[in-house]
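Asks: Single-letter residue listing:
There are 2 protein chains.
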Amino acid sequence: MIEYRNLKIAILGAGSVGAQVASLLLEHGEELANRVGAGLEVVGIAVRDLDAPRTAEIPRELLATDARSLILGADIVIEVMGGIEPAREYLELALTSGADVITANKALLATHGPELFAIAEQVGAQLYYEAAVGGAIPIIRPLRDSLAGDRVHRILGIVNGTTNYILDRMDRDGDTLEQALAAATELGYAEADPTADIDGFDAAQKAAILASLAFHTTVAVDGVHREGIRTVTRDQVVAAQRSGFVVKLLAVCERLVDPETGRDGVSARVHPALIPAGHPLAAVHGANNAVFVEAEAAGSLMFYGAGAGGRQTASAVLGDLVSAARRHVVGGPGVAESTHADLPILPISSVSTRYQITLSVLDRPGVLAQIATLFSEHGVSVEAVQQSVVTVGGGEDEESAGATLVIGTHRATEKALAATVADLAGSPVVARVESVLRVEGL
Amino acid sequence: MIEYRNLKIAILGAGSVGAQVASLLLEHGEELANRVGAGLEVVGIAVRDLDAPRTAEIPRELLATDARSLILGADIVIEVMGGIEPAREYLELALTSGADVITANKALLATHGPELFAIAEQVGAQLYYEAAVGGAIPIIRPLRDSLAGDRVHRILGIVNGTTNYILDRMDRDGDTLEQALAAATELGYAEADPTADIDGFDAAQKAAILASLAFHTTVAVDGVHREGIRTVTRDQVVAAQRSGFVVKLLAVCERLVDPETGRDGVSARVHPALIPAGHPLAAVHGANNAVFVEAEAAGSLMFYGAGAGGRQTASAVLGDLVSAARRHVVGGPGVAESTHADLPILPISSVSTRYQITLSVLDRPGVLAQIATLFSEHGVSVEAVQQSVVTVGGGEDEESAGATLVIGTHRATEKALAATVADLAGSPVVARVESVLRVEGL
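Chains as they are written, first to last, in my numbering: chain S, 1 to 442; chain E, 443 to 884.
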C-alpha cells in the first residue's frame, strides 16, 4: 500500500446526504486515495446535536458541534446541511480561509451564489456543486465543461422528483393530485409540508443554477417565473393523454430574442407543460430526474437518473471531492464561474411557445367561428381544434349541454396568449376556460 | 472588446469533423475567447490534398500540407484525421513538444492509448478525448470526474449509431437485415464497407475506452469480446418483441468476480442482446447513442444523444478545447489517466448473464422433460419456457411438424451455457438450435 499525504476534509451536516458521504468516504478511503494521489482524512463532521439518529453508521468521535474550528482546519469543506444560514456564513468562512468548498445546497446557490463565487475567485478557491441539481446525474460538469465550446439554446428539465412522481401516478395509475401526493408522502418522497416541491420553489432554484451555467449569465431565483402543480387536475392529464401528451413539471431555460428590443436574452421558468408522448422526457417515470439539452452543434442530449436520495447525492459530492482533491495534489487554480455573456433576464411575457387551451362552450352554430376570430384578432394562430359534445342525462333522455373545445396553437407570445385568454373568459359563447397549458418539446 | 493573448491551435484533418471544428471556431471565436480568457487562433489545418472538397467553408489560406511544422508551432493540437498512422506519430510529436492534444480517434486510443497517456504524463501535457465515444454526448468527463468518487458496476452502451439504426428499422419497420443495411447506406449512416460497424469493431473500440475509464484499468481492444449483428434475423427481432424485448447491439463493461480465482476482474464485450422493452435503452431509436451506467451510490444513470455527425462530434472537440485552453490560461498540470486499479481482464467464459435460447424440437411427449434435464445437468436454471407448435400444410390438411421452444434462463456462466448449447445441438429431440441471445438490463 502506498503512503500518501492526507488532505483534511470537514463535513458540515450528517443528515441523509452527509451520513452517506461520511460512510462512503470511510468505506472506500483507500480506493479514493489511489485515484487522487492523496489520502482523504475526515477530520470531523459538524452537527447540531451529537445524539440525533443517523441514517448511516458514523464513528461517534468524528462528530463535533464546533463547525468553525473544523472549517478552519480543513483543506476541503463539504456542506450538506442545507438552508441559508448558517450555511452561507460557514461557506464564506471556508472560502476566505482558502479551503475549497463542495455544496449540495441549491437554495443557497440560487440566492447567494454570485457572492460566494466572487469570494472564491478572489482567493483562488473553488466552489463545486454537482450535487445541487439532479442528484447523482452529472449535469453541472457537462454544462460547464463538455458543452463549453457549444452554444446552448434550450434546457427542458424534470428536476424535481417529488412532482414527477405525483404527475406520473396521475398519468399511469389514475390518481387524483391528492391521492398521488398522499402516496408520495407515505413513501417519503414528499415532506410533511410539500410546498417547496409542489409549488415549484425547488425546481425554480435548480432552473436558476442551470440557466446561469448554460448562458454564462447570472440568473437569480427571483428571475425565474414559477408555477407549481397544485392546479393540475386528473381531467387535464387524461385530456393530455388523449391528444398524445404527458403533463410534466418542467424547468425551461431558454436563450431567446427579446421581442421588445430585438436583442438576445434569457428566460428561466418553471411550470406544468404538455410534452409529446414520444419525447425522451415523457419516458421519465417515478421520482427520476432528467435534463434535456438542445445545443447548436451537439443537437439534443439527455441526462437521466435518480434526482434525489442520500446515497445518490453523496455520489455527486464525492465526484466533486475527487476533483477538488486532485487540484490540491497537482496544484494550480481551477476554473472560475463564467458569467461573461451577462444577458438580460426576460420576463415570462417575452416568451413564446405553443399552448393547448380547453374551453367549455355553448353548443350552437357559429361558436367555433367566433372563437377562431378572437384568436386571430390577437395574432395567435390556431393549429388544431378538437371538439367533443358534452351531454347530460343518459340513454334516450340525453340532450346536448354544451361542447368542449381543445385548441392547440402555433407558437405565440405569452402576452398575446394572455390577452386572448382574457377575451375568451369574457366571451358570451364561452362558458368556462377549463385549462391553459404550455406545450414544450415539439 | 477585451484584448486577450492568443493560444495557437493546429487542426489535423479537415473531414466532416475537422471542417466543422474549424468553422465553429472561426464563427464563435470571440464568445469562446470570453469563456476561456484567451484568444483561440487557428494557425493552420493540416490536410493531404489542398483541393479536396470540404463540408464546411474554410479559408483557403489556413490549409497546409506540412503537419509537422503546424504541430511544432501550436499550444494545442486537435487531431480529427482518424486512422492509426500517421495520427499516432503526429500525436506523439505534439505531446513530446509539450502541446495539449485533443483527439476524436477511438481506433488510435483503443490500440495505442496507454503509450500516448504515458508520454502525456511524462511531459505534463494533457490528452482529451470526449469526442471518441458517443459523439456529442458527454460521457468521458462524467465517468472520469463526476463518478470519480463512486464505484461503477456496469455500463450498457449503445455506442454505434449505424447498427442501432439497422436494428431499429428491423424492429419498427419490419425490414430484414439486408433491407435495413441498404437504407442505412443510402442515408450515409453506413459506409460502403460496413464491416467496422456491422461486425462490432467500432463498438469494441469504444467499449475498451469506457471500460478503461470506468474501472481504472487499461483495457485494450483485443481484450474485448466481439460479436456483430450479421447473424441477427428478422425472426429473432419478432420473437424478441413477442416476449417483451428489443434487440440492441450493446457494449457491456462489467466489474465482476472471476469464478476461477474469486477475485475482482473486468469484462468488456460487444454483442447483440435482448433488452426489456421498458428499459430506457430500448427507447433509443434511429442512429442515436446512449450509455447506461450502474454505479454503487449513484444508481442508474443514462446519457443520451446523437452519437455521430461532424457537427455533433465537433461540439465535443470544442468542449475539450475550452478545457485545454483554460488550463493554459490558469496554469498548472491537469489530471493524468487513472489506471491504479489494474484489474485483470476476464475472458467471455467468466461472464454470467441471462440467455434466451430458441430451439426447433420434435413435437412429441417427453421432449420438454429431456431438454429441461439437459439444462439442469449443466447447472443452468430455466426461468421460463414458451412453446409453439409449428404446422405444415394449411386448412384441414395441416399436420404438426414440430415445435418451437423459447427458453429463458436465470443467470448462468457463458461456460455452462456453451456446454448446454453444445449438448442441445447434439440431442436427438432437437432439430435445430435457432438462436442464442444474451439478455441484459434485467
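None of these hints come from the bench; they were simulated from the model. Check before you lean on any hint, since a few could be wrong.
To be verified - Derived CB-CB ranges, DEER-like:
id : chain 1 : residue 1 : chain 2 : residue 2 : range
1  : S       : Arg234    : E       : Pro718    : 22 to 30 Å
2  : S       : Ala220    : E       : Gly471    : 24 to 32 Å
3  : E       : Glu633    : S       : Gly73     : 57 to 65 Å
4  : S       : Arg411    : E       : Glu825    : 48 to 56 Å
Claimed, not checked - Cross-link-like lysine to aspartate or glutamate pairs, in silico, DMTMM-like; alpha carbons within 25 Å at most:
id : chain 1 : residue 1 : chain 2 : residue 2
5  : S       : Lys415    : S       : Asp363
6  : E       : Lys450    : E       : Asp517
7  : E       : Lys857    : E       : Glu819
8  : E       : Lys450    : S       : Asp145
9  : S       : Lys8      : S       : Glu121
10 : S       : Lys8      : E       : Asp587
Even glycine gets a Cβ: it sits at the ideal position worked out from N, Cα and C.
Asks: Could you run down the list of hints and mark each one as holding or not?
Replies: Quick rundown of the hints versus the structure:
1. S:Arg234 to E:Pro718: 22 to 30 Å: Since Arg234 (chain S) and Pro718 (chain E) have Cβ atoms about 29 Å apart, the given range 22 to 30 Å holds.
2. S:Ala220 to E:Gly471: 24 to 32 Å: Holds - the Cβ-Cβ distance for Ala220 (chain S) and Gly471 (chain E), about 30 Å, lies within 24 to 32 Å.
3. E:Glu633 to S:Gly73: 57 to 65 Å: Distance hint for Glu633 (chain E), Gly73 (chain S) holds at roughly 60 Å.
4. S:Arg411 to E:Glu825: 48 to 56 Å: Holds - the Cβ-Cβ distance for Arg411 (chain S) and Glu825 (chain E), about 51 Å, lies within 48 to 56 Å.
5. S:Lys415 to S:Asp363: Violated. Lys415 (chain S) to Asp363 (chain S) sits at ~29 Å, over the 25 Å cutoff.
6. E:Lys450 to E:Asp517: Satisfied, since the Cα-Cα distance of roughly 5 Å is no more than 25 Å.
7. E:Lys857 to E:Glu819: 13 Å, holds
8. E:Lys450 to S:Asp145: 20 Å, holds
9. S:Lys8 to S:Glu121: This hinted pair holds, its Cα atoms lying about 21 Å apart.
10. S:Lys8 to E:Asp587: Given that 25 Å is the threshold and the Cα spacing comes to 20 Å, the pair holds.
When the structure is compared with the earlier hints, a violation turns up for hint 5 alone.
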